[in-house]
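Here the structure of chain W is known, so what remains is to put chain B in place on it, guided by the hints.
Going line by line, the protein sequences match chains W and B.
Numbered per our numbering, the first sequence spans residues 42 to 187.
Numbered per our numbering, the second sequence spans residues -11 to 147.
These are computed hints drawn from the structure, not numbers from a lab.
Hints may be right or wrong, so weigh each one.
Using 30 Å as the maximum straight-line C-alpha spacing, the simulated DSSO-like pairs for lysine-lysine come out as follows [what the hints assert, rightly or not]:
1) W:120 - W:84
2) W:128 - B:123
3) B:104 - B:123
4) W:84 - W:128
5) B:104 - B:138
6) B:25 - B:123
7) B:138 - W:84
8) B:104 - B:25
9) B:123 - W:120
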Amino acid sequence: MKLSDLIERSPDGEVLRLWLERIPYARFLGIEASITGGDVLFKLPAQPMLVGNPTLPAIHGGVVGAFLELAATFHLLAKMEQPVLPKTINFSLDYLRPTRVQDTFARCSVSRQGRSIANVAVAAYQDDPNTSTATARVHFLLADYD
Amino acid sequence: MSGRDANRVRLLVDRMSDYIPHADELGICFAGVDGEKLTMRLPWREELVGNPTTGAVHGGAITVLMDQTLGIAGLCSEQVPPTITPTLDLRIDHLRVATTQSDIMATAWVYRATRKILFLEGIAWCDSPDEPIAKATGSFVVMQELDLEKLWQLVESGE
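Just chain W, same shape as in the assembly (with noise of 0.2 Å):
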């Protein structure tokens, strides 16, 4: 089954796994998704390719930047009444504290869905859900452009 037709169905857990297995780049990060209390949870799993500095160590701030948009792409999909597939406007990352090499979570709310554009907030944590290693914001626009 293609994405398009995917879309259309009703999100549970089932559908967001097959989602994220149709996106070559999401299955490289071994990116998983849940549905706990209504809500998506996404999950990046350690790996030790993941690493971008092996002194401290943490994960490479690029990679826990990849996971928090499409996080927050899935999440919008999942919540959209007539899903079509986001695209990515632009996308504002603050780094809190180092993401550990330990499996990482990203939860996230729409700020704002109008009919052409998404305003997303996401942020990773990883022990504890109150202690964000970093936020973002992703303004994504619904329909084709150039």
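Below, chain B without anything else, positioned relative to chain W:
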């Protein structure tokens, strides 16, 4: 920049790329230096694709390349002593869709250096730097206490 300085930058970039496992995994490598402007290359591979229909690299992989290139351009800059420069923040504008199955290049430079903070910007491009696919702006922290010589000593003593 003299030829010797360009060689110094190249050696530093290669050393950092070997040191950073994720950069090594992706094969992000030195592609050129022109004054304070550093260019790095992210080789195209199937696993980086974000849109299976077009074969274009995912925006997240461009974020990795930008973070890497801005960060390394910061620590290579002659405006600061060679120290570790962790990213404080990064903002990326996606300007165009990446060319199908194309390597991505990133060019970055320091536009203001203070004692504690480096301000950098950069572009990502496929066919020509005149047609950037993304633009990045970032600030990086100068960790004066973590100079690179100490880092290499730590790395060597740990091995």
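Hint by hint, here is what the structure shows:
About 18 Å separates the Cα atoms of residue 120 (chain W) and residue 84 (chain W), which keeps this hinted pair within 30 Å; it holds. Taking the CA atoms of residue 128 (chain W) and residue 123 (chain B), the gap is near 16 Å; set against the 30 Å cutoff, the hint holds. For the given pair, residue 104 (chain B) sits about 24 Å from residue 123 (chain B) by alpha-carbon distance, which is consistent with the 30 Å threshold. Proposed proximity of residue 84 (chain W) and residue 128 (chain W) is supported: the alpha carbons are some 21 Å apart, at most 30 Å.
Only pairs whose Cα atoms come within 30 Å are accepted, and residue 104 (chain B) paired with residue 138 (chain B) is accepted, the gap being roughly 19 Å. Distance check on the hinted pair: residue 25 (chain B) and residue 123 (chain B) sit about 14 Å apart at the alpha-carbon level, within 30 Å; holds. Simply put, residue 138 (chain B) and residue 84 (chain W) have alpha-carbon atoms about 34 Å apart, too far for the 30 Å limit, and the pair is violated. Taking the CA atoms of residue 104 (chain B) and residue 25 (chain B), the gap is about 21 Å. The hint holds against a cut of 30 Å.
Between residue 123 (chain B) and residue 120 (chain W) the CA atoms are separated by roughly 29 Å; this keeps the pair inside 30 Å, and the hint holds.
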